[in-house]
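Chain by chain, the residues:
Number of protein chains: 2
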Amino acid sequence: MALIVQKYGGTSVANPERIRNVARRVARYKAMGHQIVVVVSAMSGETNRLIALAKEIMPEPDPRELDVMISTGEQVTIGLTALALMELGIKAKSYTGAQVKILTDAAHTKARILDIDNHNIKQDLNDGYVVVVAGFQGADEFGNTTTLGRGGSDTTGVALAATLKADECQIYTDVDGVYTTDPRVVPEARRLDKITFEEMLELASQGSKVLQIRSVEFAGKYKVKLRVLSSFEDEGDGTLITFEEANKDNNMEEPIISGIAFNRDEAKITVLGVPDTPGIAYQILGPIADANIDVDMIIQNTGADGVTDFSFTVHKNEMNKALAILRDKVQGFIKAREIIGDDRIAKVAVVGVGMRSHVGIASQMFRTLAEEGINIQMISTSEIKIAVVIEEKYMELAVRVLHKAFELEGK
Amino acid sequence: MALIVQKYGGTSVANPERIRNVARRVARYKAMGHQIVVVVSAMSGETNRLIALAKEIMPEPDPRELDVMISTGEQVTIGLTALALMELGIKAKSYTGAQVKILTDAAHTKARILDIDNHNIKQDLNDGYVVVVAGFQGADEFGNTTTLGRGGSDTTGVALAATLKADECQIYTDVDGVYTTDPRVVPEARRLDKITFEEMLELASQGSKVLQIRSVEFAGKYKVKLRVLSSFEDEGDGTLITFEEANKDNNMEEPIISGIAFNRDEAKITVLGVPDTPGIAYQILGPIADANIDVDMIIQNTGADGVTDFSFTVHKNEMNKALAILRDKVQGFIKAREIIGDDRIAKVAVVGVGMRSHVGIASQMFRTLAEEGINIQMISTSEIKIAVVIEEKYMELAVRVLHKAFELEGK
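Same order as they appear, the protein sequences are chains W and X.
In terms of the working numbering, the first sequence is residues 1 to 411.
In terms of the working numbering, the second sequence is residues 1 to 411.
If we strip away everything but chain W, and leave its shape as in the complex, we get (with noise of 0.2 Å):
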């Protein structure tokens, strides 16, 4: 007998059918004798129509209101999904995240959790009931209502799994498991049985949209157990999310490359002609990081004539608030010559732990983007993955020679 958290994302559960099959699938479990802790998301399309209503309203919704609406989304589906269980004769509880409770900070929309009280769910498991609880959501420390953001389903999951000490936590979704690319993208892409919780990070990050980056983290810490599988197949062991260290025996037999990630959903900011002092870092995203914009690539090189350029990306929505969150309050102050944007530009990233240990994967990447005549923007590099910023434009292009150049396709 184990212990499984199996969480369903809005696809999944996007009518009543498909709830059905949800609970199919968890009396399935269930007969084999598992605990099973269900987590689900809203039904696809529940959250962007709130969030239209909400702005029909006011154009730019105070937070925590925003959360008081989007968070029964999870609420139906929870409800529904506890029916479609009792349907099949199984006992069955829902909890919202205030319920629960997660305890989250008050970061409207974009709260991180700080701890779970899962005493009543244990009893419940115990009890025999299967408990589904509400992913995205949380309360903090005064009730209020609150969001952990989008993919936040992913880590509602993964934090239930390390605090209940789950023996795996189960990410079903529409695709059957982690490629190479994105296969809409690139036809070739190859399912991975298995990818490390690093390189998982970086494809996640990089916007291979399966898992939330969060989420990944989440369970590299508490050292959970992650799968993620398809939802509409009853086939297949989907991917697992391993811990490096369990490969390393075996590592020349580990492909250099595991995948190529990529995302159109950031936008470049650039700080021109800034004086090369120290701290000029901190007094550009000083400011930014304050109004809890996040920030992800961040260039810097080196000035001539004691002055240079900053560049760093946020997410395409929060543009225009970096941007004149800059020109009020820091423009003027670093005496920057000049603040631009640019929204237009697309992130591409080959990834593996195996380029630790390889040379010339670098190289490789930009002599295959120079030969279909792709400009590089930005660089950014880690241990286990190289990033470029390129324009929008060519991003299918670069994402299909890339995966050819790495020979993802074949096995």
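Be aware that a few hints might be false.
Given that identical chains are not distinguished, each listed pair holds provided it fits within a single copy or across any two copies.
Here are the computed lysine-lysine pairs in the DSS-like style, where the Cα-Cα straight-line distance is at most 30 Å [said to hold, decoys possible]:
(1) Lys225 / Lys91
(2) Lys101 / Lys223
(3) Lys122 / Lys165
(4) Lys122 / Lys393
(5) Lys55 / Lys91
(6) Lys55 / Lys101
(7) Lys393 / Lys321
(8) Lys101 / Lys122
(9) Lys110 / Lys122
Derived from the structure by calculation, the hints contain no laboratory data.
Model the placement of chain X on the given structure of chain W, informed by the hints.
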């Protein structure tokens, strides 16, 4: 400066434009220096949509999970209403029933309010906020979400007004007050400037759908000044619900009959041929009450030959459930000859405090119906109303002729 609770029903918050209208009215009251608590229902149609969704999964949805789902309706509206107020530059903050907290018993889908913690609301009002509270919902002692049943938002409004010792509880609806009867049935129906709590109670319980009966009971118990107004008109003072005592002196001026109530939501159940012995009413109605089915009229005639017939009415939706209970658990035990259900009935009542001191109201009512050939199936009386059950198809005719017979159209 007054403290006013304003309750807006589903049609008053049916879409963003109407929610903006609500915000504008609240803003006007706020500008007059009043403290305002706003109680809102779900957007019209939303509760029914959610119930239908639940029934798609489970034809008789588990009440706990149904409450989890349908309580999201008001939760969306409080968020939208708070946003609409903020958009007008007014400080606003929303609360779900559980957040307030409105403590109820555990009778899901028809819970009763046990206590309200008004601490946070008082604090917010003193800090200059308009407080927006979700009607219709609360939480039991274990934090399970509960709902108060249809019309429960009125009860929330009155209960909040009572606990906050509000100066007035304003119920905004799609009519501009309480009428002598439904103007859709009798175009000559006249709006009443005021009406006693007792009359309102009878009118509400008899199906005049302006106010929910429990809210009127609550208001009477806690002496809350209640006013019914139109949310679609800015003029007019609506109908004030008064305590009867206030009118004692000028009773001579008051009309004998205040209005004609009617409803077609009930079904009649008759238990034929039961022994005319002590305890028979309890043996029949005990199991019905245990199943949480509300019973309205109850009639038992004196029997002949030691047997009698016993009739009562329940909501149409619960007729089959009640019939099943009687046939399974009661019929054999009390040796009843037959159990009959009839859902093609209507109830019509004349209501008025004045009838206490006037004879002949009943005979005038019965004569008026007889002149139209309308047969009376059941009669039930109280000090301030006479109600009859008739065949459903005669309902509108009965209401019209009674409205005319009691001269309610003119002033």
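Results of checking the hints against the structure:
no.: 1; hint: Lys225 / Lys91; result: within (26 Å within a copy, 46 Å between copies)
no.: 2; hint: Lys101 / Lys223; result: within (22 Å within a copy, 38 Å between copies)
no.: 3; hint: Lys122 / Lys165; result: within (11 Å within a copy, 42 Å between copies)
no.: 4; hint: Lys122 / Lys393; result: neither (50 Å within a copy, 56 Å between copies)
no.: 5; hint: Lys55 / Lys91; result: between (39 Å within a copy, 18 Å between copies)
no.: 6; hint: Lys55 / Lys101; result: both (29 Å within a copy, 28 Å between copies)
no.: 7; hint: Lys393 / Lys321; result: within (24 Å within a copy, 64 Å between copies)
no.: 8; hint: Lys101 / Lys122; result: both (13 Å within a copy, 25 Å between copies)
no.: 9; hint: Lys110 / Lys122; result: both (27 Å within a copy, 29 Å between copies)
Of the numbered hints listed earlier, the single one contradicted by the structure is hint 4.
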